[in-house]
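Number of protein chains: 2
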Amino acid sequence: MALYDQITIIGLGLIGSSMARGIKEEELTNKLVGYDNNPDHQVQIREYKLVDELAPDLLSAVENADLVILATPVGAYGSIGELIGSRMKAGATLSDVGSIKSAVFEMLAPHVSENVHFIPAHPVAGTEQSGPGAGFPSLFHDRWAIITPTENTDQEALEQLTKFWEALGSNVEIMDPEHHDKVLAITSHVPHLIAYNIVGTARDLEEVTKSEVIKFSAGGFRDFTRIAASNPTMWRDVFLNNKEAVLEMLGRFSEDLIALQRAIRWDDGDALYEMFVKTRRIRKQIIDAGQDENVVNFGRRHDD
Amino acid sequence: MALYDQITIIGLGLIGSSMARGIKEEELTNKLVGYDNNPDHQVQIREYKLVDELAPDLLSAVENADLVILATPVGAYGSIGELIGSRMKAGATLSDVGSIKSAVFEMLAPHVSENVHFIPAHPVAGTEQSGPGAGFPSLFHDRWAIITPTENTDQEALEQLTKFWEALGSNVEIMDPEHHDKVLAITSHVPHLIAYNIVGTARDLEEVTKSEVIKFSAGGFRDFTRIAASNPTMWRDVFLNNKEAVLEMLGRFSEDLIALQRAIRWDDGDALYEMFVKTRRIRKQIIDAGQDENVVNFGRRHDD
Numbered sequence: 158m159a160l161y162d163q164i165t166i167i168g169l170g171l172i173g174s175s176m177a178r179g180i181k182e183e184e185l186t187n188k189l190v191g192y193d194n195n196p197d198h199q200v201q202i203r204e205y206k207l208v209d210e211l212a213p214d215l216l217s218a219v220e221n222a223d224l225v226i227l228a229t230p231v232g233a234y235g236s237i238g239e240l241i242g243s244r245m246k247a248g249a250t251l252s253d254v255g256s257i258k259s260a261v262f263e264m265l266a267p268h269v270s271e272n273v274h275f276i277p278a279h280p281v282a283g284t285e286q287s288g289p290g291a292g293f294p295s296l297f298h299d300r301w302a303i304i305t306p307t308e309n310t311d312q313e314a315l316e317q318l319t320k321f322w323e324a325l326g327s328n329v330e331i332m333d334p335e336h337h338d339k340v341l342a343i344t345s346h347v348p349h350l351i352a353y354n355i356v357g358t359a360r361d362l363e364e365v366t367k368s369e370v371i372k373f374s375a376g377g378f379r380d381f382t383r384i385a386a387s388n389p390t391m392w393r394d395v396f397l398n399n400k401e402a403v404l405e406m407l408g409r410f411s412e413d414l415i416a417l418q419r420a421i422r423w424d425d426g427d428a429l430y431e432m433f434v435k436t437r438r439i440r441k442q443i444i445d446a447g448q449d450e451n452v453v454n455f456g457r458r459h460d461d
Numbered sequence: 158m159a160l161y162d163q164i165t166i167i168g169l170g171l172i173g174s175s176m177a178r179g180i181k182e183e184e185l186t187n188k189l190v191g192y193d194n195n196p197d198h199q200v201q202i203r204e205y206k207l208v209d210e211l212a213p214d215l216l217s218a219v220e221n222a223d224l225v226i227l228a229t230p231v232g233a234y235g236s237i238g239e240l241i242g243s244r245m246k247a248g249a250t251l252s253d254v255g256s257i258k259s260a261v262f263e264m265l266a267p268h269v270s271e272n273v274h275f276i277p278a279h280p281v282a283g284t285e286q287s288g289p290g291a292g293f294p295s296l297f298h299d300r301w302a303i304i305t306p307t308e309n310t311d312q313e314a315l316e317q318l319t320k321f322w323e324a325l326g327s328n329v330e331i332m333d334p335e336h337h338d339k340v341l342a343i344t345s346h347v348p349h350l351i352a353y354n355i356v357g358t359a360r361d362l363e364e365v366t367k368s369e370v371i372k373f374s375a376g377g378f379r380d381f382t383r384i385a386a387s388n389p390t391m392w393r394d395v396f397l398n399n400k401e402a403v404l405e406m407l408g409r410f411s412e413d414l415i416a417l418q419r420a421i422r423w424d425d426g427d428a429l430y431e432m433f434v435k436t437r438r439i440r441k442q443i444i445d446a447g448q449d450e451n452v453v454n455f456g457r458r459h460d461d
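The listed protein sequences derive, respectively, from chains W and X. Using our numbering, you'd call the opening residue of the first sequence number 158 and step up by one each time. Using our numbering, you'd call the opening residue of the second sequence number 158 and step up by one each time.
These are computed hints drawn from the structure, not numbers from a lab. Be aware that one or more of the hints could be misleading.
No copy is singled out in the list; a pair is fine if it fits within one copy or between any two copies.
[As the list claims (entries may be wrong)] As a list, the in silico BS3-like pairs of lysine-lysine whose alpha-carbon atoms are at most 25 angstroms apart:
{"id": "1", "residue 1": "K320", "residue 2": "K181"}
{"id": "2", "residue 1": "K372", "residue 2": "K435"}
{"id": "3", "residue 1": "K188", "residue 2": "K320"}
{"id": "4", "residue 1": "K367", "residue 2": "K400"}
{"id": "5", "residue 1": "K435", "residue 2": "K367"}
Since we're looking at a predicted model, the values are computed, not measured.
Next comes chain W alone, as it looks inside the complex (with noise of 0.2 angstroms):
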């Protein structure tokens, strides 16, 4: 049940190319159009057999399309909106899949043609790990996909929207941009910095070896880890275009490190119990929710 004609996605990376696949499992479109910039990503998308047709330029990628997906990093989106706003068919829809909604519109809105429907959203899902060849069809299933239109927005290519991330396998909100990106401040942002800032802290200690941090790190560092080896330019991207939540959260997460450190210094055991034990409760939710799984230490090996 093709939903778009034609779909082409900008950018075949990680998410990129995991839409591709779903889409082709799923049969979303008659013709599955690609373009990606990157020389390595070319050849891959080709050796997986990625899309339909591999785009030679932006332009003619754009100009037949139903849908078109922008998937690269969102420091792009501005001089690609500039090339493709105003070639798209009249009727088509423009969507993305960035991790920030409100810089989304700003960067984009000013450049899209008023009969091409532009309709942000964003699958809360990923790896962490980069590339055509990272990506797999069921990364959506059971994940969120926030869409964020106007009041303006045409209400029959929102469904559509809709109806194409449900296929994926994603359930869908809808959000207003500003609030989307104070949710993912938290849920999201503040945690990659987080983890990148501590991985770097403890790269740099010089009693504590390098290879002491890397021996050591099943105490507990190893987790954060995980998430510090994300895609390095996407993320310059996100913090760079959702400064004013990041900095909000980031403020108060320090507010809040500040008291637990205050604790520890003085000794007051009871805040640090009380704190500990309010924060065990929130896994247990997120488990419930279905958003993670039921597995002990992310089910690493457990050999008997």
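Starting from the known structure of chain W, arrange chain X on it as the hints suggest.
Below, chain X without anything else, positioned relative to chain W:
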């Protein structure tokens, strides 16, 4: 091959019960005695048949033991040491599994008879679960067991304890207690504190609801919740008893975080990118060193 005629484990939570299972499996003693003051644990210890004898009190638990292992939260060590330190057999070994080592010396050494070998140790292994039911014998396989002897430690007793941990599947590392506490502060204690902290910050937000935090946790947050679900009593005791090293590492962490925050505020994308590329390499090294598994996304479901 029994390494000790009688082994006594005080406290059969995750670590103690995993040791009991491993000791049985490898037949490392002729008699395994346990003591635990938690009534729930007592029921489970019998149910799982974890020991040959569950002792009714501390003194009868230790009086005939050749090896006594303390596996309670470290906050209880002082009072246990006071009771048993002068009541153990001459020539026996007293060891532990606590996540800190300098404070353990201070708490126990004054109570231990001269004819008892006091050799602290710390297996760097664990899961987010607690209690006798959570243990499994392979918990220590291919993990590091750090032993922190002094210059006066009896070499034969040290060799025997080394064999014991190797028989449980661990690699043994000999370390100075102060250095141990610094290494673990960065590889384990500060990561746990940060995880507890971000989960707490997320929980307290007014604009973003707790249900949204749970719903969209797949964006990265859920990785932190695993270690923030660890035993609250154990972790309270760790922070209170490794204060100096934890506060120092926290200071470095906060300093580095402020630098990242500043880079975001001033749009310094190059600084962010450079940092994110460096940290990415650390995960690869941890996997190459066999300290984490090379499975994407912690092996979460990937149904294709």
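Hints, verified against the model:
1. For the identical chains of this complex, K320 and K181 are intra-copy neighbours only, at 15 angstroms inside a copy versus 56 angstroms across copies, given an alpha-carbon limit of 25 angstroms.
2. In the homo-oligomer, the alpha carbons of K372 and K435 lie at most 25 angstroms apart only across protomers (18 angstroms), although the nearest pairing inside one protomer, at 31 angstroms, exceeds that limit.
3. When the C-alpha separation of K188 and K320 is checked against a cutoff of 25 angstroms, the pair qualifies only within one copy, where the shortest distance is 18 angstroms, while the shortest distance between copies is 65 angstroms.
4. In this assembly of identical chains, the alpha carbons of K367 and K400 lie at most 25 angstroms apart only when taken from different copies (22 angstroms versus 31 angstroms within one copy).
5. Proximity of K435 and K367 under a CA criterion of 25 angstroms is satisfied inter-copy only: 12 angstroms between copies versus 33 angstroms inside one chain copy.
Checked against the numbered hints listed earlier, the structure breaks none of them; every hint is satisfied.
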